[in-house]
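The primary structure of each chain is shown beneath.
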Amino acid sequence: MAFEYAPAPESRSIVDIAPSYGLFIDGEFVEAADGKVFKTVSPSTEEVLSEVAQAGAEDVDRAVKAARKAFEKWSALPGSERAKYLFRIARIIQERARELAVLETLDNGKPIKETRDADLPLVAAHFFYYAGWADKLEHAGFGAAPRPLGVAGQVIPWNFPLLMLAWKIAPALATGNTVVLKPAETTPLSALFFADICRQAGLPKGVVNILPGYGDTGASLVAHPDVNKVAFTGSTAVGKEIARTVAGSKKKLTLELGGKGANIVFDDAPIDQAVEGIVNGIFFNQGQVCCAGSRLLVQESIQDELLESLKRRLSTLRLGDPLDKNTDIGAINSAEQLSRITSLVEQGEAEGAERWSAPCELPSSGYWFAPTLFMNVTQAHTVARDEIFGPVLSVLSFRTPDEAVAKANNTPYGLSAGIWTEKGSRILAVANKLRAGVIWSNTFNKFDPTSPFGGYKESGFGREGGRHGLEAYLDVR
Amino acid sequence: MPTTAHTLTDVAASESTLRRFLHGLPGVDAVGLEARAASLGTRSIKTTAKAYAIDLAISMVDLTTLEGADTPGKVRALGAKAVRPDPTDRTAPATAAVCVYPDMVPAAKAAVAGSTVKVASVATAFPAGRAPIVVKLADVREAVAAGADEIDMVIDRGAFLAGNYMKVYDEIVAVKEACGASARLKVIFETGELSTYDNIRRASWLGMLAGADFIKTSTGKVAVNATPANTLLMLEAVRDFRAQTGVQVGVKPAGGIRTSKDAIKFLVLVNETAGEDWLDNHWFRFGASSLLNDLLMQRQKLATGRYSGPDYVTVD
Numbered sequence: 066m067a068f069e070y071a072p073a074p075e076s077r078s079i080v081d082i083a084p085s086y087g088l089f090i091d092g093e094f095v096e097a098a099d100g101k102v103f104k105t106v107s108p109s110t111e112e113v114l115s116e117v118a119q120a121g122a123e124d125v126d127r128a129v130k131a132a133r134k135a136f137e138k139w140s141a142l143p144g145s146e147r148a149k150y151l152f153r154i155a156r157i158i159q160e161r162a163r164e165l166a167v168l169e170t171l172d173n174g175k176p177i178k179e180t181r182d183a184d185l186p187l188v189a190a191h192f193f194y195y196a197g198w199a200d201k202l203e204h205a206g207f208g209a210a211p212r213p214l215g216v217a218g219q220v221i222p223w224n225f226p227l228l229m230l231a232w233k234i235a236p237a238l239a240t241g242n243t244v245v246l247k248p249a250e251t252t253p254l255s256a257l258f259f260a261d262i263c264r265q266a267g268l269p270k271g272v273v274n275i276l277p278g279y280g281d282t283g284a285s286l287v288a289h290p291d292v293n294k295v296a297f298t299g300s301t302a303v304g305k306e307i308a309r310t311v312a313g314s315k316k317k318l319t320l321e322l323g324g325k326g327a328n329i330v331f332d333d334a335p336i337d338q339a340v341e342g343i344v345n346g347i348f349f350n351q352g353q354v355c356c357a358g359s360r361l362l363v364q365e366s367i368q369d370e371l372l373e374s375l376k377r378r379l380s381t382l383r384l385g386d387p388l389d390k391n392t393d394i395g396a397i398n399s400a401e402q403l404s405r406i407t408s409l410v411e412q413g414e415a416e417g418a419e420r421w422s423a424p425c426e427l428p429s430s431g432y433w434f435a436p437t438l439f440m441n442v443t444q445a446h447t448v449a450r451d452e453i454f455g456p457v458l459s460v461l462s463f464r465t466p467d468e469a470v471a472k473a474n475n476t477p478y479g480l481s482a483g484i485w486t487e488k489g490s491r492i493l494a495v496a497n498k499l500r501a502g503v504i505w506s507n508t509f510n511k512f513d514p515t516s517p518f519g520g521y522k523e524s525g526f527g528r529e530g531g532r533h534g535l536e537a538y539l540d541v542r
Numbered sequence: 218m219p220t221t222a223h224t225l226t227d228v229a230a231s232e233s234t235l236r237r238f239l240h241g242l243p244g245v246d247a248v249g250l251e252a253r254a255a256s257l258g259t260r261s262i263k264t265t266a267k268a269y270a271i272d273l274a275i276s277m278v279d280l281t282t283l284e285g286a287d288t289p290g291k292v293r294a295l296g297a298k299a300v301r302p303d304p305t306d307r308t309a310p311a312t313a314a315v316c317v318y319p320d321m322v323p324a325a326k327a328a329v330a331g332s333t334v335k336v337a338s339v340a341t342a343f344p345a346g347r348a349p350i351v352v353k354l355a356d357v358r359e360a361v362a363a364g365a366d367e368i369d370m371v372i373d374r375g376a377f378l379a380g381n382y383m384k385v386y387d388e389i390v391a392v393k394e395a396c397g398a399s400a401r402l403k404v405i406f407e408t409g410e411l412s413t414y415d416n417i418r419r420a421s422w423l424g425m426l427a428g429a430d431f432i433k434t435s436t437g438k439v440a441v442n443a444t445p446a447n448t449l450l451m452l453e454a455v456r457d458f459r460a461q462t463g464v465q466v467g468v469k470p471a472g473g474i475r476t477s478k479d480a481i482k483f484l485v486l487v488n489e490t491a492g493e494d495w496l497d498n499h500w501f502r503f504g505a506s507s508l509l510n511d512l513l514m515q516r517q518k519l520a521t522g523r524y525s526g527p528d529y530v531t532v533d
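Chain order of the listed sequences is U and R. For the first sequence, my numbering assigns the number 542 to the last residue and increments by one with no breaks. For the second sequence, my numbering assigns the number 533 to the last residue and increments by one with no breaks.
Think of the hints as simulated: they come from the structure by calculation, not from any bench. This structure is a prediction, so every number in the text was calculated from the model and none was measured. Misleading hints may appear alongside valid ones.
[What the hints assert, rightly or not] One side only, chain U facing chain R, incomplete, derived with CB under 7 angstroms: (1) Ala73; (2) Ala210; (3) Glu341; (4) Lys390; (5) Gly417; (6) Trp421; (7) Ser422.
All C-beta atoms, glycine included, are put in the ideal place defined by N, C-alpha and C.
Let the hints inform the model, and build the full structure from the sequences given.
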């Protein structure tokens, strides 16, 4: 008999999803002005979870006005008062962590293991961290009395719905701004639950406004003349459009866009841990991570051995019900994303890269993609250049450190990179030459609120997290 | 791995080749290793999987008594318990072995006669290993002659830490020879004294190259014994050793594993690192004395739905 793990599903009953949700404007849930709604589904089952109001231009205007009005009082509060609200929000998030983890897993499709052990602790940590800054802004290095910007229009993606919300809202509120935030159309629920947390925390009305909707909602928000600051995380294509919209206005802008991170493994690397790091780098959140280590650069002398270990390891990944505590790989977030992944993978095969997919059974309903490797990839292959945003790893080889650096930097992006070697001096030497916002050594995809995050080139500009993250929300002229 | 199968035979040709080989093994990143062990520890093992794991764990226990105050009577009681761990439930499997000091082998042998339970003996001047090799070999021969099926030997940690790998290698080879054809050899590294993970990986390969049938973490007599991380590391070593040589070696974490929950975490490590081939008491053991009772209580709880308590399992 084999050691088969019995299903261990987390209970759904802890989260109470209403059949419909409104927009959150000025402290109230309201219907969209034109009455439009859309459905949000669970990617693992395609079950409709709820119906959500879809914000139009008129709603955007209402929300911005509410935020503008709230800004007067909110920005005038002493930092220590704003900190109290943020600490309160952080504590409520901790108290409701299990509920929010289950909700996020249902709406996003990512495994409960990740929402429970990675997302929610980081969400709370971000609020705690920026709560700590709220009364110390004059010591942050941005002048004696840095001023908030005003109303922040924020647009976030679907891969880490609540975490991206925390990255955006926590520093904005700590610095005295008010916000209008648009969550992604496929994952609006946790932001709406967050709206409820704001009420629970007694946050003054209008300080946080949540407007679910599609791209056009985001476009109206970005273009609204009374928005002072735009923060966007998402695709490079949309980021460019936003940059064009904002150009020439006085709005401040930060963009966190795509990536094609290089994960460089030298021949003296701790192989077993490197394999874990590669898995964590590209298969965490089904590879739907902008800083994913989606290009594996491995030194030629250990390539065969490493690939053998990697294939063996991928064969042990457990794909399936994201609510099962033993699931490693959950569902792809949407049918659109799945078809994008599928078409890029087909292109990789057509261009002659060698495909290997982990032998795992895919559930019959929902959106799924097996962990996949592409071997014999060159810089010229599409799978080495385009961001796939899925569980697909392209493997390239190199012979010398210089070649590794040249290949790692040969990308339009520059968000993240990883270096695996037992030699400390090599870590420093190589890291100095890599053009990426975050460089991990002997680890990957580690996040911390104290550490700034952001990219070069087409991966965007501006930094989130850490002391640097305050700058984007302060007038530092 | 730094070398290929056909050259492995030459690895122990000299002190320098042996050193070069052991120091050429891939490094171990402590943070990554411990993170992996911890993440496997969060696997949720319930219902049928839990029942299976508990019985498997019971069948893997080397029920151990290694006290200066051991008596033939205590060993007899231990043997009876090994054969039939739960007197109230005959479906409970027997343990793998009883593990005793060499002078207790005859008593242990008599106690488990006619059953599947093996007798293991900690020979070689356990637990310090600080005795001349002739004494260690005599210790082993006595235990084997008295009927021990398995010998648990401690390595000379002093020699290992001094970088005198050849001395350690030669001792293991000699002890293996003294075991003869009948007894399997478990080599104990005392990982708590080796202090680095790199050393544990080197010791694992050294032991396997010298002919160990099992590699074992510790004596249970020092502060740090078996941990998920050092066991994971040793499982990687036996997995890689088999891939390279075709020879399968067993793993035995010992000391400090007291609860069913802990034991199940170790089984998850085995399952997801070395694989199913090691999920059998011929290839994986728990060196433990108090673990068995917790496994039995958890087993009773699964069967009856109630937690019975320590008075419903035997003390020895």
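Structure-based check of each hint:
1. At its closest, the beta carbon of Ala73/U sits 4 angstroms from a beta carbon of chain R; the interface hint therefore holds under the 7 angstroms criterion.
2. Violation of the interface hint for Ala210/U is found here, the shortest Cβ-Cβ separation to chain R being roughly 41 angstroms, above the 7 angstroms cut-off.
3. Hint on Glu341/U holds. Least Cβ distance to chain R is approximately 5 angstroms, under the 7 angstroms limit.
4. At its closest, the beta carbon of Lys390/U sits 4 angstroms from a beta carbon of chain R; the interface hint therefore holds under the 7 angstroms criterion.
5. Restraint check, Gly417/U versus chain R: the minimum CB separation of about 30 angstroms is more than 7 angstroms; hint violated.
6. The interface hint given for Trp421/U is broken, as the beta carbon of that residue sits about 18 angstroms from the closest beta carbon of chain R, more than 7 angstroms.
7. The interface hint given for Ser422/U is broken, as the beta carbon of that residue sits about 20 angstroms from the closest beta carbon of chain R, more than 7 angstroms.
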